[in-house]
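Peer 1: Given chain S, work out where chain F should sit, using these hints.
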Amino acid sequence: MRFGGWFLLFAVCLNAQVRYSDILKSPSENWLSYHGDYRALRYSPLTQINRQTVANLVPKWTYHVRAARRLEASPIVFDGVMYVTDANEVDAVDARTGRQIWMYRDESAQLQNVNRGVAILGDSVFLATADAYLVALQRSSGAILWHKKFADTSKGYFATLAPLALKDRIIVGVSGGDSGMRGFIAAFSASDGAELWRFYTVPAKGEPGSETWGEFDTQWGGGATWMTGAFDPALNVLYWCTGNPWPDYYGGGRRGANLYTDSVVALDAGTGKLKWYFQFTPHDTHDWDAESIPVLADLTYKGKRRKLLLHPNRNGFFYVFDRETGEFLNATPFVDKLDWAKGIDTQGRPIEVPDMDPTPGGRKVCPSTRGASNWMSPSFDPETKLLYVPTLEQCDRYVGSQHNPEPMKNLMGGGGEGIPNEPGKFYLRALDPLTGEKRWEYPMTGPATMWAGTVSTAGGLVFFGDDDGHLVALDARTGQDLWRYNLGQVLTASPVTFSIARKQYVSIAAGTDVFTFGLFEPAAPISLAKGGRN
Amino acid sequence: MSLPVALISMALAQSHQEARTAKNPLSGRPEAIEAGKGLFREGCAGCHGGNGEGGRGPNLAESESLREKTDDQVFNTIRRGIPGTNMPAFAMPESQIWEVIAFIRALGTPAFLTPASGDAEAGRALFYGEGGCGSCHMIRGRGGFLGPDLTNIAALRTSTQLRDAILQPNARPLSGFEGVTVILKDGTRVEGVAKNNSNYSIQVLDAAGKLHLIDRAQASDVRFRGGSLMSDNYAHTLSPTGIENILAFLSKQVVRPDAQPANRRRERENR
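Read top to bottom, the protein sequences are chains S and F.
Numbering-wise (this note's numbering), the first sequence opens with residue 1 and increments by one.
Numbering-wise (this note's numbering), the second sequence opens with residue 1001 and increments by one.
Keep in mind that the hints are not guaranteed to be accurate.
SDA-like mimics (lysine to any residue), calculated; alpha carbons at most 20 Å apart, straight line [unchecked claim]:
1. F:Lys1185 with F:Ala1217
2. S:Lys155 with F:Arg1256
3. S:Lys149 with F:Ala1217
4. S:Lys60 with F:Asn1196
Honestly, the hints are just simulated from the structure, not real lab data.
Excised from the complex, chain S in its bound form (with noise of 0.2 Å):
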């Protein structure tokens, strides 16, 4: 061998691996999966940018996904190296400069779509592509360590979702509930793939659940689960939410509640076992997904600690629940704008409005079908007890078909469309999480059309991007405006925030680059380095 002798044969030592133990204590100076921590508090405890010195907050670099059209991802960040994606291709990034390290594509992808990122465990970093196959990748080099197929997309699967690594494994969701399919949520090992658990959420023929849906054939019945879920590590049970029934807007093919779509499933993580669940939305006709993230905080609720639920569904209702019994314990209207349902009852079924159902020449109904809120992160700060939930006030007018569309040809039996001259608008609103109450709200301009999300900080602050394109800060307990930057771009994703040698970063991808902001430090002049070649 000729290669100079200066590098040993096989690598015996990498760099510090990323334990269980170190995704249980993100977000921190580490960003490590999707929501930051299981719990999808989206709350980091970094201080150095805050109330005082946000006003100093400047941007640090841009990094442009080259192919770029809708960036959705939360970036991952570990040990100085940020992961972004697109569509079947992970970036990799030096996350204090912004310099690529890697790119790994997938050229052989069957479908293109958005994707929302990463996770990460080990030496390893996992992508869903389009097409449904799982792929582990070395984390310092991009190699493929294995790629596995996870859903058949002959039978109406796609997949956009952040995986979510715990302890030895790797948890995934589908996609396709628009044109119909069968939802899942499904374990793998994290060493080689191999299948542990899958649990469907929507029943087979003849199993528990399956009385819900009259006549209607289930394996087109939808429950996508293209949302990454939340974990309680103490309880071991993932909490994941559930996409609409198909046809999403004509219900008179599937008569009966739809079990378990638009719902939050309490799973065993350790065997795929359903614990609990909740429908938020029996027998949605409206596209009423249940995907807005499910929150787990612990607080006082009527003299009592509890672990509970948190959850602001599109349906434009606020949710708590005991998320160890899976009580349902109060909902509330998020939004003035809902017309559908009276109230909630005591046992968390809705008071519904007669004649609500789309109909061929439509009907008007709000929230719209993108809901009061949808997947955009919500954050809870244990120190304001507040929830920040970006909301949308907008009804719309909903148009049903009269019969079955067929599966997989991309209908829905029907739309929701927009009423002319009520144009949708965005709030930011502060929650009290026990009873719904909104505390203070921050109306965005716009055109009512961004998907962006929140991360809120020690630092006193909730950071979000707004529906013109501005990544903004507020004061957590106020909602004072202190910051904001305009990225030029309409907004798909949520904020997040870390640390490297002790300067703390917040980053968002938007449209096709990600922006990266840091407290302001004088440029010192520099000398170029004698020897490179550039």
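Peer 2: Here is chain F on its own, set in the frame of chain S:
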């Protein structure tokens, strides 16, 4: 001319001049592809580029219309030319035209779809053993960090490109794999490959798979090795059989053997 090619040439010579088979009798034969490559470089590369990438003449490597043509149609195009264009008629022996066609066909076909003549298992042993390939290249997590990952290489390269990459690694060096030594101002020495490099920072992956993210202001010296880290002497250090065996092993490295080739996008940069 190797023996099988000679035998086929004799068989062809005995047949009637115009009674050609519709299918190339030399299709996929490594020695025919290699011979075709030489002929192509002499007679075709001036217009179509050395690897069929196009120039004055059309790109042949990625041409959908060429892919749809039968071997016989391509044969006639070479034999008769295309009147009214710059494509002349070539008065070559039939066997040589088939060799050129074998090469042209191989240009656009990923290696996993091209039959390989070597012994893949022997190739694996050589790859991870005496050949030393595995000290820099990884396949499904086994191997080194300094060279490109080869887990899916048979979908990303043609067999001709794989052969060229082994025999002439410096001909088309990839960005992100140049050897570099960085001396930091505190005396620390970092060696590996530069995944990226600017006046302000350099990102080095070392042989142990550790990333070093370095501000250029911290470096007192940055020395690039120049050229590929890979030996350019494998034509001599490996036997012809050994090379065929490694090529057969590499031709099996694909993660989606059932993927539709039409949807492949070629991306040579690997950074």
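Peer 1: Work down the list of hints and note, for each, if the structure agrees.
Peer 2: Quick rundown of the hints versus the structure:
1. F:Lys1185 with F:Ala1217: At roughly 9 Å apart (the allowed maximum being 20 Å), Ala1217 (chain F) and Lys1185 (chain F) satisfy the hint.
2. S:Lys155 with F:Arg1256: holds, 18 Å
3. S:Lys149 with F:Ala1217: violated, 45 Å
4. S:Lys60 with F:Asn1196: This hinted pair holds, its Cα atoms lying about 18 Å apart.
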